[in-house]
Amino acid sequence: MSTSTPAASRRLIKELTDFNKKRPSHLISLHPVDESDLTHWTATLRGPQDTPYEGGEWEIDIKIPDNYPNAPPLMVFVTPVCHPNVHPKTGEICLDLLRGTAWTPAYTLSTTLESVSQLLGHPEPDSPLNVDIAAVLRHGDRVAYDALVRVWAVMYAGKKGTTA
Amino acid sequence: MSSSSQRPQARPARISPSRSTPSSPPSTNTTAAANSSSSVTVDADASVTIPLSAPRSTSSPTNAVARSPSPRQQDDDEKRCWICYTSAADSDQPKERSEWKSPCKCSLVAHESCLLDWIADVQLNRRESGSQRRLECPQCKTPIRLKEKDSAVLDFVDSVSQLAGNAGAFVAFGGLASVIFVSATVYGVNTIYTICGPEFAEQILLNRETNQFLWSWRTGVGLPLIPVVLVASRTRIFDSVLPVLPVIFFAQSDPLHFTLPPSPQITLALLPYLRSFYNHLWGKYISPYEQRWLREVTPRHKLESEARRARERAVRRNRDWDALRQRDNAQRNNQNQRQQQQAVQEEDGVIVEEREWGGELLVDNHNVIIQGNNLTTLVLGALLWPSVARLAGQGIGKWPSQWGGDKIRKWLPSLLARNLVGGLLVVVMKDFISLYCKYKRAQKFRSRTVMNYSEVMKLAQHASKARRATRNSNTNGNAAR
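Residue numbers (the UniProt record's numbering), protein chains in the order written: chain A, 1 to 164; chain B, 1 to 481.
The hints are all genuine.
Below, simulated SDA-like cross-link-like pairs (lysine to any residue); rule was C-alpha separation at most 20 Å, straight line:
id, chain 1, residue 1, chain 2, residue 2
1, B, K105, A, A106
2, B, K141, A, D96
3, A, K21, B, A88
4, A, K89, A, Y156
5, B, K141, A, G100
6, A, K22, B, S87
7, B, K101, A, A7
8, A, K21, B, S87
9, B, K147, B, S102
10, B, K430, B, V388
11, B, K398, B, R409
12, B, K141, A, A71
13, B, K430, B, T377
14, A, K63, A, C94
15, A, K63, A, V76
16, B, K302, B, F445
17, B, K284, B, L294
18, B, K141, A, A102
For the record, the hints were derived by calculation from the structure and aren't laboratory data.
Please read these numbers as outputs of a predicted model, since none were measured by experiment.
Starting from the given sequences, assemble the full structure and let the hints guide the process.
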């Protein structure tokens, strides 16, 4: 397994202790997959309140680059999520923060995940990775959009169905 | 931490939005959701993580404003680097960590080494991807200033390479333009040699004293203009400018000094005048017939619509005059001034519209289209003219003596004169051949009748009978043989 640089691992350990001290509301869990390898993390994201994602839990896979925190972490949805800016198959997330253009070392894994959580509540259908659901949203069919999101959340993300 | 006096003013502006974010959605602007969410997260970063690591911290401005009434109590141990996230109090803090720096007016502090590392990374990215990301504090967006040894050479090279990167399009355009310029110039030189023959061409192009090619503004502009002028001379767009150009570019020395066999420069300079004279004669004496024949072969509906357009244009012109007159009246009649002006204004509106519309009509009545040429044949014909003239000139030069060739050669001693006369003859012949064709086509139309089907059948029978007859005679002949 690759090892992160001393500066990166020191900071990652800090982030982990910070997270364990006070857990932010948008995350259920955030920790390295293996305690000995700080370059590979996993997180569980809580569906934000007042959105159709509420009640679901999504697993996100996080890879830390060598030059972290100068470069953004690589985040990918493991649990399928129905969202215009998330690729339906690979789970790739279209967020300027994660692409490095807007990234600065001031972000942490936790705050970056908060951005992802906010992206769930504020889809951007004009730069879609999931063309189909983006088209639904662009036509203004909010009911269909919400229903699709909820169905995916029930199917994959452990959300409790309203009728079953 | 030296600029603590500025901080209290800067803080509330940054912190108040971050305080409000948890309760309300970060942004109502969904079009920039990605951007807004990211900027909000920076705030959240300050509001969430800093208080966590240093709950009683007074160095953190977030706490200072939101919770602690006394921002003065700064405890160095509670400082936390926003890049490596270690604080001064950490036990594993290595001693070699460099000093703390606060490069902006907000609360973020960092180790100098961390900052330098990050800056180097940003600059590397900038050089590699050419992105124009500024170096600024991620929270308050204050530009981060560096003190470094200036190197004039490095700055120069950097700015030049940046310019070169930006100027790619311009360079490409310039390359294209120079290709066009060079080919036009080569074409120009070639044309002069073709038309004038080597000796006169050298007289025009070479310096008289040194006998070397003279690259002056005249040749620099004039030579590439030759193909342009040739093409332009096929239309009437540049009629007003065309006769002046050759005088400028060819009459290099004393244009008024006129020798009887005119110098090649003067001869070439006179060509456009000759052309306008010829066009004038053609328009006066031949065009009426040409127009009549053309009209005879044009379908009636087209003629009618053209006539209607012409009538409309005339009406419009009259109305323009009416409007002008009315305006004059309005100015004169002081009693009804207001009403009249209103009327004129309304009329003006209508007229302006119609004028624009009329302009479009005029375009498709342009003489380029009247001449019946399309653009390609026009350009090609114009550019091929010198070569054709040369061919005709050679033809004149080799005219057999028994048909008066000697006399012609005596009249036109130089290659230039023969080429020019040949070229002119070609133009005149071309015009008359096309005129003859128009006449013949008109005649054909005039004599046209439609055959009845019985006539067609009769003709077909005749033809087949004749064919059979020839075939029979052929087979008979073969059999006899």
